[in-house]
Amino acid sequence: MKINLSNQDVQSAGVGKVERLSGEDLKKCYQCGNCSGGCPVSYKMEIPPTRIMRMLQLGRLEEVKAANSMWLCVGCLQCYSRCPKGCSVAAVLEAMRQEALRESADRVEVKDLPMPLLKKAPQQAIVCGFRKFVS
Amino acid sequence: MNKMDLMKIPYYPGCTLNTVAKQFDSSARDSALAVGFEMAELKQWNCCGATFPLAPDNLMGLTAPAKVLSGARKEGDTLTTLCSVCYNVLKRTNSVIRESKEKRGVVNGFIEEEYDGSLNVLHYLEVLRDRVGFEKVKGAVKRPLKGVKAGAYYGCMLLRPFEDVGIDNAERPTIFEDLLKALGAEPVEFPNRIECCGAHLAMNDEEVVTRLSGAVIDSAAGMGAELIVTSCPLCQYNLEKSRGAASNGVPVIYFTQALGLALGQEIETLGFEKNSTDVMPLLKKKGIV
Amino acid sequence: MSAHIDKDEMPVASGSFEPKIMAFVCNWCTYAGADLAGTSRMEYRPNVRIIKLPCTGRIDPLFILKAFENGADGVLVSGCHPGDCHYTTGNYHARRRWIGFKSLMEFAGIDMRRLHFSWVSASEAIKWVDLINKVTDEVKALGPFMEYKGLKENELE
Amino acid sequence: MPRIGVFVCQCGNNIAATVDTKKVAEEMARIPGVVYTCDYKFMCSSPGQETLKQAIKENNLDGIIVSACSPHMHEKTFRKASEAAGLNPYQCEITNIREQCSWVHHDNTKATGTVKSIDLTRMTIQRLKKNQPLKKIKIPVKKKALVIGGGIAGIQAALDIAEGGREVILVEKEPSIGGNMARLSETFPTMDCSQCILTPKMVEAELNENITLYTYSEVEKVDGYIGNFTVTVRRKSKYVDEERCTGCGECTEKCPFKVESAFELGLNKRKVIYTPFPQSVPNIPVIDAPNCPKIQKDKCGACAIVCGPKCIDFKMEDKLETVEVGAIVVATGYQLMPNERFGEYGYGRIKDVISGLQFERLASSSGPTGGEIRRPSDGKVPESVVFIQCVGSRDEKKGVSYCSKICCMYTAKHTKLYSHKVHGGQAYVFYMDIRSGGKRYEEFVRGAIEHDGAMYLRGRVSRVYEKNGKIIVQGADTLSGSQVEIEADMVVLATAVVSREGADSLAQRLGIGYDKHKFYNEYHPKLKPVETVTAGIYLAGSCMGPMDIPDSVAQGSAAASKVLALFSADEMAREPITSVVNKVTCNACWDCLTACPYTAIERDAIKDRKGNIVKWVARVNDGVCQGCGVCVAVKIH
Ligand SMILES: Cc1cc2nc3c(=O)[nH]c(=O)nc-3n(C[C@H](O)[C@H](O)[C@H](O)COP(=O)(O)OP(=O)(O)OC[C@H]3O[C@@H](n4cnc5c(N)ncnc54)[C@H](O)[C@@H]3O)c2cc1C
Ligand SMILES: Cc1cc2nc3c(=O)[nH]c(=O)nc-3n(C[C@H](O)[C@H](O)[C@H](O)COP(=O)(O)OP(=O)(O)OC[C@H]3O[C@@H](n4cnc5c(N)ncnc54)[C@H](O)[C@@H]3O)c2cc1C
Ligand code: SF4
Ligand code: SF4
Ligand code: SF4
Ligand code: SF4
Ligand code: SF4
Ligand code: SF4
Ligand code: SF4
Ligand code: SF4
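Taken in sequence, the protein lines are chains A, B, C and D.
Residues 1 to 135 (the working numbering) are what the first sequence spells out, left to right.
Residues 136 to 424 (the working numbering) are what the second sequence spells out, left to right.
Residues 425 to 581 (the working numbering) are what the third sequence spells out, left to right.
Residues 582 to 1218 (the working numbering) are what the fourth sequence spells out, left to right.
Since the hints were made in silico from the structure, they are not lab data.
Worth double-checking, as some hints may not be accurate.
Within a straight-line C-alpha distance of at most 16 Å, the following computed EDC-like cross-link-like pairs (lysine to aspartate or glutamate) qualify [said to hold, decoys possible]:
#, chain 1, residue 1, chain 2, residue 2
1, D, LYS817, D, GLU755
2, B, LYS281, B, ASP313
3, D, LYS896, D, ASP822
4, B, LYS238, B, GLU306
5, A, LYS120, B, GLU408
6, D, LYS1107, D, GLU1066
7, D, LYS978, B, ASP192
8, D, LYS979, B, GLU298
9, D, LYS900, D, GLU977
10, D, LYS1048, B, ASP353
11, D, LYS691, C, GLU530
12, D, LYS978, A, ASP9
13, B, LYS284, B, GLU321
14, D, LYS979, B, GLU210
15, B, LYS157, B, GLU408
16, A, LYS120, B, GLU210
17, C, LYS551, C, GLU467
18, A, LYS27, A, ASP9
19, A, LYS27, D, GLU977
20, D, LYS711, D, ASP643
21, A, LYS44, B, GLU342
22, A, LYS17, B, ASP192
23, B, LYS271, B, GLU324
24, D, LYS1107, C, GLU467
25, B, LYS178, B, GLU210
26, A, LYS85, D, GLU1156
27, A, LYS28, D, GLU977
28, D, LYS1048, B, GLU375
29, A, LYS44, D, GLU1066
30, D, LYS1051, D, GLU977
31, A, LYS85, B, GLU298
32, B, LYS277, B, ASP165
33, D, LYS932, D, ASP1085
34, A, LYS44, B, GLU341
35, D, LYS1109, C, ASP508
To list a few chain D residues with every Cβ distance to chain A over 10 Å, as calculated [as the list claims (entries may be wrong)]:
#, residue
36, ALA666
37, THR827
38, LYS979
39, ARG1044
40, GLY1056
From the three backbone atoms N, C-alpha and C, an ideal C-beta is built for every residue, glycine too.
Chain A extracted, bound-state conformation (with noise of 0.2 Å):
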């Protein structure tokens, strides 16, 4: 992997607007560790939390955003929690969630939800998967 960087990466205005959108600094990380090796699903992100940070630090939104990894956050904020200096990944996934959200399909179509699902699955469920994956 080679990255060209530039000073458009470095003050990317796409990473910035996640910046506004999450009210998070993302220049606060320093890349400790801890919220990958806390977080439950980061065995399965493509890109894990610590490295999402680095990447947005770097100005690498689209690699992010092409990831499954803010699909996966389940927002369980071990993350937020255990990191020393305050950053919460989940907010900034949820961030990038609502601008993928607001601009293209939804991750989740209702119809292609089983119906055993539906019936069984507590209402809060099916609500909160809602606000993640449909807009």
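Let chain A serve as the given structure and place chains B, C and D with the ligands on it in line with the hints.
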């Protein structure tokens, strides 16, 4: 006890407790009466939204919970909930409204009300600990859960973020175990009690849920737990569902069912049949029923 | 200790107004910074008259009023950067005092554009030069400060 | 009418090129009170100074002005010359017409420079007219020092002062000197044994005639100022007569009760009558009164029975002693942050999660395991040990924002000790950065990795928990970008170095400053690293911030050299630039007192003849005042 003398606490059940988790609701109401308070359901309520918007500028997402809070304020200065998610959403929304004048203005504009955040949002566990007192609960126990090694599963929403919701130390909570102790059970502290169950991924990613919930059950069983108690319908659902995948099958029940059981309520009223894991064999084995 | 400068002694360039600027500076930072401008042979407007004090913390608000009374058209106060005070916290005291003091000055009818506060360290000769030039030009553009001159003359009479 | 002389310097062409010095001198002669003026080529040259002296004498001048270069350049020269001519040196003022005039106004017609020089000199004349003759302040100095804290920094300071021939009192609050270093096993970067290099110094401190040890003692009150401090020391009751005790240890041997040893950090027990460790200095036991049944409820007394010289006295009480000293060195050291704050690491719940200092005890040959690495829970030799760095350090949310500076190094040391002692064992280190600046330090860490095989993982640990008798460490390796889980037998936390409990209250007693972490403030972090703003009080070692042994020792010596310099004369001369209180107008508002950065102002009672207090006023202590003037400007009367 005369119903009139009871301490009445406004109560928000939330949508799930009205449907698939009725047993959570009813066992909690009955148990409350047995230890001296009444859960007075709000006259009017709506879904809280089931997720607190993590992006701070998303004030639209606060509308639903703000409406609940504002309505509840008209019925008292305290609001109690049972479901961890409702608790998390309502409590955090409440602090946003209380602490930020600016956001309060916007949210009040959305709901067309004047709510100032002055409610005290409590989880049922907090009511038991701080208003009733575990000592009193202990005194009311008629059917002690003697010999039951029970693991309390906190999940995420009761504890995080600590600054806003934490009903107890985020890494080393004890409130749940203290309750189980009062009920006569042997609480088992297991490492994954504060880890996520997979939450809403139940909708579209079974693998994650099976893995995370399975790890919770494994972790509890590994420490010797024979029973897991929860405080959230989604946790309950995920844990029960992944039971097959987990190497150790352990029944999962709502903590209020355990409470009702210990307080001596009729077994039939506790709604165990609604759970998809069967706790009866364990209770029989322990000689509790 | 303030200077009462006679108009006819000022270097009047083609009859235009030349303001009188009083600078109250601390001994350790700004005074040394001004010295450095000299040793580096820099050049700046000659309108400034420096009064050296141990510390900006020693600067009494009355000094500033007195300077205006005695004919200054602009006043400059400068010392060590916050955190660098030779006396550890003197400049914090000064800063705190000025915050309250500014409103008093405004109340006393002093145009705040005539009063400048700055931090100049012992190595910031360039900053000093720029500051003096800027303050001189700004005050020059404002014209002479007449309100207080009247006061002093009345008093003398 | 004053008799003022004005000397205008040409500085060769440096001033004369843009200032008409003759004109300046002439103009000054017209000012009332000026009786003598001249201009001269080089005022600072010998003939220049002679001219000045002669003029003073011949014209009977009572004040002079030299309009020349910056006062920072030659004020001292001319004040000295004035003094030699019989004039009070503070009646000599300088006008800066070079750096702030001739050099910065390049007008060759000399118009600009001359006008400004005239102005500036006239301003100085007005200033001089208000001057009063001042006398140099002389302060007598008591040539005895007090060192607070008997860790390596304090011991070094005491030894150096004693070696310089001055008396020192070393106050240590524990029963033995030695501090944290006494707990260490081997020390980086040389790996020599801590006890082997520390014990000789401790013994030296005990035997040196110039050093008086006050162990089990604390500073209660400090009065006075540089050269003249009066310090009250509480000497806590040891219940053992120090004069008669032979240190035989019979009492400890026979004492039937045990409690957790603070020195061993809970890894071991000690008797109720005890010395903290075998090499204690002084080797005299103390009774831990709250735990002694004899003292609490008059049961036992075994120690008193076996003691040959009969030196145990259960009724002994604390003594307050007052000492007079000229200088104080504060060397009270550090402690580690309580690990319980980090619930996710399981300290206190999982027995085999220990602190770095506890690991030192396990590795120490005089420690509870005799130097074998055995885990606390079951005594098993751990086959894999995970070391977690930066626990609480660099963690602004739950810990402290700063880097503790020593833990990267001691963790590398721990991995070395471990791999030397446990063959086949594997050390894992979770780190964020490796901070090994210093002579041979980086090489030391590389040695741990390359030679001793420690596995370094760049990342933080999120969680530690137990599973099937193993400790599961869950973290990340950010270099490979993955989550990492390790099954370990023991976990060692490199916990943040923090200030001592009570550091702030001691600072308040001493009148010295401290930062928000309660580490003591040096006067200037680069140029006055062992001084405090309170003259006569110096700092050494880790009470100022995290620091290793070489730095602590260097500072101990540095502080000692400051003390010896102060003690080199009988009296200390100070510039008389101090503030004075007008006792008539002072209305005891104490604004000045709170404003003074040096606590130089005290409350003073004015009494009538019968001794009744008539009025309270502020009083400036000349020994302490630095002349900043903050107090003067704080109040407008
Ligand atoms: C795990 C670990 C390993 C380390 N390994 C090394 C190493 O290998 N090499 C190295 O160079 N450094 C090492 N260090 C650092 C070393 O411990 C310190 O640099 C050194 O001990 C500092 O000495 P000190 O005298 O400043 O403080 P301390 O050792 O803390 O001594 C302070 C003394 O003052 C006393 N005291 C405190 N308050 C008062 C009071 N109010 N009145 C009277 N007395 C008081 C205390 O009882 C103590 O005796 C290590 C540190 C740790 C935590
Ligand atoms: C780029 C850079 C930036 C730095 N920035 C900082 C900073 O921001 N903050 C900081 O704290 N430090 C900084 N430093 C470090 C700082 O420069 C040194 O710590 C400091 O200068 C060391 O001082 P010294 O007296 O030990 O040595 P030096 O400054 O090297 O002085 C040694 C003197 O001895 C003389 N000398 C040598 N041999 C002989 C001889 N045989 N006989 C007689 N005289 C001799 C030399 O001419 C020289 O004058 C920086 C260093 C560098 C390279
Ligand atoms: S825990 Fe915080 S600081 Fe550490 S890598 Fe994650 S976001 Fe960055
Ligand atoms: S909130 Fe999301 S990113 Fe953070 S730990 Fe939980 S799942 Fe991982
Ligand atoms: S006194 Fe100063 S200005 Fe005069 S000759 Fe000496 S250096 Fe130059
Ligand atoms: S037995 Fe007596 S002499 Fe011996 S160590 Fe104990 S107190 Fe000292
Ligand atoms: S009297 Fe106290 S110190 Fe002495 S032997 Fe008994 S318990 Fe130990
Ligand atoms: S010295 Fe190393 S381990 Fe200690 S706080 Fe600094 S970086 Fe972390
Ligand atoms: S400021 Fe000090 S000197 Fe002035 S009145 Fe108050 S106490 Fe007295
Ligand atoms: S001049 Fe400064 S040091 Fe002296 S008493 Fe006043 S405030 Fe304190």
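Now for the hints, and whether the structure bears them out:
Between LYS817(D) and GLU755(D), the direct Cα distance comes to roughly 10 Å. Compliance with the 16 Å bound is thereby established for this hinted pair. For the hint linking LYS281(B) to ASP313(B), the alpha-carbon distance of about 15 Å falls within 16 Å, and the restraint holds. For the given pair, LYS896(D) sits about 11 Å from ASP822(D) by alpha-carbon distance, which is consistent with the 16 Å threshold. Our distance criterion of 16 Å between C-alpha atoms is broken by LYS238(B) and GLU306(B), whose separation comes to about 30 Å.
The hinted pair formed by LYS120(A) and GLU408(B) meets the criterion: a straight-line CA distance of about 15 Å does not exceed 16 Å. Using a Cα cut-off of 16 Å, the hinted pair LYS1107(D) and GLU1066(D) is violated, with the two alpha carbons roughly 44 Å apart. The hinted pair formed by LYS978(D) and ASP192(B) fails the criterion: a straight-line CA distance of about 23 Å is larger than 16 Å. Between LYS979(D) and GLU298(B) the alpha-carbon distance is near 12 Å, which keeps this suggested pair within the 16 Å criterion.
For a cut-off of 16 Å, the pair hint linking LYS900(D) to GLU977(D) is broken: about 43 Å separates their Cα positions. Distance hint between LYS1048(D) and ASP353(B) is fulfilled; the C-alpha atoms sit about 10 Å from each other, no more than 16 Å. Proposed proximity of LYS691(D) and GLU530(C) is contradicted: the alpha carbons are some 39 Å apart, above 16 Å. Among the hinted pairs, LYS978(D) with ASP9(A) is inconsistent with the structure: their alpha-carbon atoms are about 29 Å apart, more than 16 Å.
A threshold of 16 Å between alpha carbons decides the hint, and for LYS284(B) with GLU321(B) the separation of about 5 Å falls inside it, so the pair holds. Note on LYS979(D) and GLU210(B): the hinted pairing is violated, with a Cα-Cα distance of about 38 Å set against a maximum of 16 Å. Our distance criterion of 16 Å between C-alpha atoms is met by LYS157(B) and GLU408(B), whose separation comes to about 11 Å. Proposed proximity of LYS120(A) and GLU210(B) is contradicted: the alpha carbons are some 33 Å apart, above 16 Å.
Proposed proximity of LYS551(C) and GLU467(C) is supported: the alpha carbons are some 12 Å apart, at most 16 Å. Restraint check for LYS27(A) and ASP9(A): the C-alpha separation of about 14 Å stays at or below 16 Å, so the hint holds. As the CA atoms of LYS27(A) and GLU977(D) are separated by approximately 15 Å, the hinted pair is consistent with the 16 Å bound. Of the supplied pair hints, the one linking LYS711(D) and ASP643(D) holds, its CA atoms being roughly 12 Å apart against a limit of 16 Å.
For the hint pairing LYS44(A) with GLU342(B), the CA-to-CA distance comes to about 10 Å; that is within 16 Å, so the pair holds. Between LYS17(A) and ASP192(B) the CA atoms are separated by roughly 12 Å; this keeps the pair inside 16 Å, and the hint holds. For a cut-off of 16 Å, the pair hint linking LYS271(B) to GLU324(B) is broken: about 23 Å separates their Cα positions. With a CA separation close to 32 Å, the supplied pair LYS1107(D) and GLU467(C) exceeds the 16 Å bound.
Note on LYS178(B) and GLU210(B): the hinted pairing holds, with a Cα-Cα distance of about 9 Å set against a maximum of 16 Å. In summary, the hint linking LYS85(A) to GLU1156(D) is not supported, as the alpha carbons are separated by about 49 Å, beyond the 16 Å threshold. This hinted pair checks out: LYS28(A) and GLU977(D) have alpha carbons roughly 11 Å apart, not beyond 16 Å. Pair hint LYS1048(D) plus GLU375(B) does not hold up; C-alpha atoms about 23 Å apart against a cutoff of 16 Å.
A threshold of 16 Å between alpha carbons decides the hint, and for LYS44(A) with GLU1066(D) the separation of about 15 Å falls inside it, so the pair holds. For the hint linking LYS1051(D) to GLU977(D), the alpha-carbon distance of about 31 Å lies beyond 16 Å, and the restraint is violated. In summary, the hint linking LYS85(A) to GLU298(B) is supported, as the alpha carbons are separated by about 15 Å, within the 16 Å threshold. Of the pairs offered as hints, the one joining LYS277(B) and ASP165(B) holds, with about 14 Å between alpha carbons and a cut-off of 16 Å not exceeded.
Between LYS932(D) and ASP1085(D), the direct Cα distance comes to roughly 33 Å. Violation of the 16 Å bound is thereby established for this hinted pair. Restraint check for LYS44(A) and GLU341(B): the C-alpha separation of about 13 Å stays at or below 16 Å, so the hint holds. For a cut-off of 16 Å, the pair hint linking LYS1109(D) to ASP508(C) stands: about 13 Å separates their Cα positions. No Cβ of chain A approaches the Cβ of ALA666(D) within 10 Å, the least distance being about 64 Å, so the stated non-interface status holds.
Listed as outside the interface, THR827(D) is consistent with that label: its C-beta sits roughly 53 Å from the nearest C-beta of chain A, beyond the 10 Å cut-off. With a cut of 10 Å on Cβ distances, LYS979(D) falls inside the contact zone with chain A, its closest approach being about 7 Å. With 10 Å as the threshold on Cβ separation, the claim that ARG1044(D) sits away from chain A is violated: the shortest Cβ distance comes to roughly 6 Å. A beta-carbon of chain A is positioned within 10 Å of the beta-carbon of GLY1056(D); the least distance is around 4 Å.
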